[in-house]
Amino acid sequence: MTKRKVYILLTDTGSILTKLIKLYTKKPYNHASISFDSKMTEVYSFGRKHERNPFRGGFVKENVKSGLFRQADCAIYSLTVSENEMKKMKQYVCKMKAEKELYKYNFSGLFGFLFNKPIEREKAMFCSQFVASVLEKGTVTEFEKPISLIAPGDLQNVAKLTLVYEGKLRDYLDGREEKVYMPVQTAMA
Numbered sequence: 001m002t003k004r005k006v007y008i009l010l011t012d013t014g015s016i017l018t019k020l021i022k023l024y025t026k027k028p029y030n031h032a033s034i035s036f037d038s039k040m041t042e043v044y045s046f047g048r049k050h051e052r053n054p055f056r057g058g059f060v061k062e063n064v065k066s067g068l069f070r071q072a073d074c075a076i077y078s079l080t081v082s083e084n085e086m087k088k089m090k091q092y093v094c095k096m097k098a099e100k101e102l103y104k105y106n107f108s109g110l111f112g113f114l115f116n117k118p119i120e121r122e123k124a125m126f127c128s129q130f131v132a133s134v135l136e137k138g139t140v141t142e143f144e145k146p147i148s149l150i151a152p153g154d155l156q157n158v159a160k161l162t163l164v165y166e167g168k169l170r171d172y173l174d175g176r177e178e179k180v181y182m183p184v185q186t187a188m189a
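The numbering of the sequence shown is our numbering, which starts it at 1 and goes up by one.
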């Protein structure tokens, strides 16, 4: 059976919204994205549809080589999955991509998160909720709490996740990364 890798990208862009989220979570990374390749050529999440407007959001294919991401700190994790799991995840994302105009950002879900009350809306998610939903659709993992309560930091606890890189995203993308390979459980011990 062929094994493939999916990548979870956690970032801190330093925007006002991410600073507010960081104040609450006390975690270094406050945005989550998913990619199906190590070069991050196609990165998907729920976030800003227009860089200058944080209030118009939804399903996005992110350009991590420009804008807010160029200065971002990041942690990149890989997860080895089966061909079938990868296929299910890609089909789920492709369906969303085809219907991207129907998807909105789950701002009310963020408020629910703050009060530990899951708020799920049809065709609306926030970034970590989306990444968690992709992993669940691929039957890669199940979360112990509703995915509308999953924070970016919770994604670091997915079993068998391996830290690939931590540092400036631009350095990773420019090929200047010093790769770090260790199981997350080792890093957290």
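Among the hints, a few may not be true.
Stated by the list, open to error - Derived SDA-like pairs: lysine to any residue, alpha-carbon spacing no greater than 20 angstroms straight-line:
| # | residue 1 | residue 2 |
| --- | --- | --- |
| 1 | 22 | 159 |
| 2 | 61 | 107 |
| 3 | 39 | 22 |
| 4 | 49 | 65 |
| 5 | 160 | 78 |
| 6 | 65 | 85 |
| 7 | 90 | 137 |
| 8 | 5 | 58 |
| 9 | 19 | 97 |
| 10 | 5 | 50 |
| 11 | 95 | 68 |
| 12 | 3 | 144 |
| 13 | 160 | 2 |
| 14 | 90 | 161 |
| 15 | 5 | 142 |
| 16 | 5 | 88 |
| 17 | 5 | 90 |
| 18 | 97 | 17 |
| 19 | 49 | 3 |
| 20 | 22 | 95 |
| 21 | 3 | 90 |
| 22 | 97 | 50 |
| 23 | 137 | 85 |
| 24 | 87 | 121 |
| 25 | 61 | 88 |
| 26 | 27 | 137 |
| 27 | 100 | 156 |
| 28 | 27 | 121 |
These are computed hints drawn from the structure, not numbers from a lab.
To see whether the hints hold, each was checked on the structure:
1. The suggested pairing of residue 22 with residue 159 is violated, with an alpha-carbon distance near 24 angstroms, which exceeds 20 angstroms.
2. For a cut-off of 20 angstroms, the pair hint linking residue 61 to residue 107 stands: about 19 angstroms separates their Cα positions.
3. Taking the CA atoms of residue 39 and residue 22, the gap is near 27 angstroms; set against the 20 angstroms cutoff, the hint is violated.
4. Note on residue 49 and residue 65: the hinted pairing holds, with a Cα-Cα distance of about 16 angstroms set against a maximum of 20 angstroms.
5. Under the criterion of a C-alpha separation no larger than 20 angstroms, the hint pairing residue 160 with residue 78 is consistent with the structure, at around 9 angstroms.
6. For the proposed pair residue 65 and residue 85, the alpha carbon gap of about 28 angstroms is over 20 angstroms, so the pair is violated.
7. Under the criterion of a C-alpha separation no larger than 20 angstroms, the hint pairing residue 90 with residue 137 is consistent with the structure, at around 9 angstroms.
8. For the hint linking residue 5 to residue 58, the alpha-carbon distance of about 25 angstroms lies beyond 20 angstroms, and the restraint is violated.
9. Restraint check for residue 19 and residue 97: not satisfied, since their Cα atoms lie roughly 28 angstroms apart, outside the 20 angstroms limit.
10. With a C-alpha separation of about 29 angstroms, the suggested pair residue 5 and residue 50 falls outside the 20 angstroms cut-off, and the hint is violated.
11. Under the criterion of a C-alpha separation no larger than 20 angstroms, the hint pairing residue 95 with residue 68 is inconsistent with the structure, at around 27 angstroms.
12. With a C-alpha separation of about 26 angstroms, the suggested pairing of residue 3 with residue 144 is violated against the 20 angstroms cut-off.
13. A threshold of 20 angstroms between alpha carbons decides the hint, and for residue 160 with residue 2 the separation of about 17 angstroms falls inside it, so the pair holds.
14. Between residue 90 and residue 161 the CA atoms are separated by roughly 19 angstroms; this keeps the pair inside 20 angstroms, and the hint holds.
15. Taking the CA atoms of residue 5 and residue 142, the gap is about 18 angstroms. The hint holds against a cut of 20 angstroms.
16. Distance hint between residue 5 and residue 88 is fulfilled; the C-alpha atoms sit about 13 angstroms from each other, no more than 20 angstroms.
17. With a C-alpha separation of about 12 angstroms, the suggested pairing of residue 5 with residue 90 holds against the 20 angstroms cut-off.
18. In summary, the hint linking residue 97 to residue 17 is not supported, as the alpha carbons are separated by about 24 angstroms, beyond the 20 angstroms threshold.
19. A C-alpha spacing of about 33 angstroms is found between residue 49 and residue 3, which places the hinted pair above 20 angstroms, so the restraint is violated.
20. The suggested pairing of residue 22 with residue 95 is violated, with an alpha-carbon distance near 31 angstroms, which exceeds 20 angstroms.
21. Between residue 3 and residue 90 the CA atoms are separated by roughly 15 angstroms; this keeps the pair inside 20 angstroms, and the hint holds.
22. At roughly 16 angstroms between alpha-carbon atoms, residue 97 and residue 50 fall within 20 angstroms of each other, so this suggested pair holds.
23. A hinted pair counts as satisfied when its Cα atoms are at most 20 angstroms apart, and residue 137 with residue 85 qualifies at roughly 8 angstroms.
24. For the given pair, residue 87 sits about 25 angstroms from residue 121 by alpha-carbon distance, which is inconsistent with the 20 angstroms threshold.
25. A hinted pair counts as satisfied when its Cα atoms are at most 20 angstroms apart, and residue 61 with residue 88 qualifies at roughly 18 angstroms.
26. Of the supplied pair hints, the one linking residue 27 and residue 137 is violated, its CA atoms being roughly 26 angstroms apart against a limit of 20 angstroms.
27. At roughly 27 angstroms between alpha-carbon atoms, residue 100 and residue 156 are farther apart than 20 angstroms, so this suggested pair is violated.
28. For the suggested pair residue 27 and residue 121, the alpha carbons sit about 26 angstroms apart, so the restraint of at most 20 angstroms is broken.
This entry does not satisfy hints 1, 3, 6, 8, 9, 10, 11, 12, 18, 19, 20, 24, 26, 27 and 28, going by the numbered hints stated previously.
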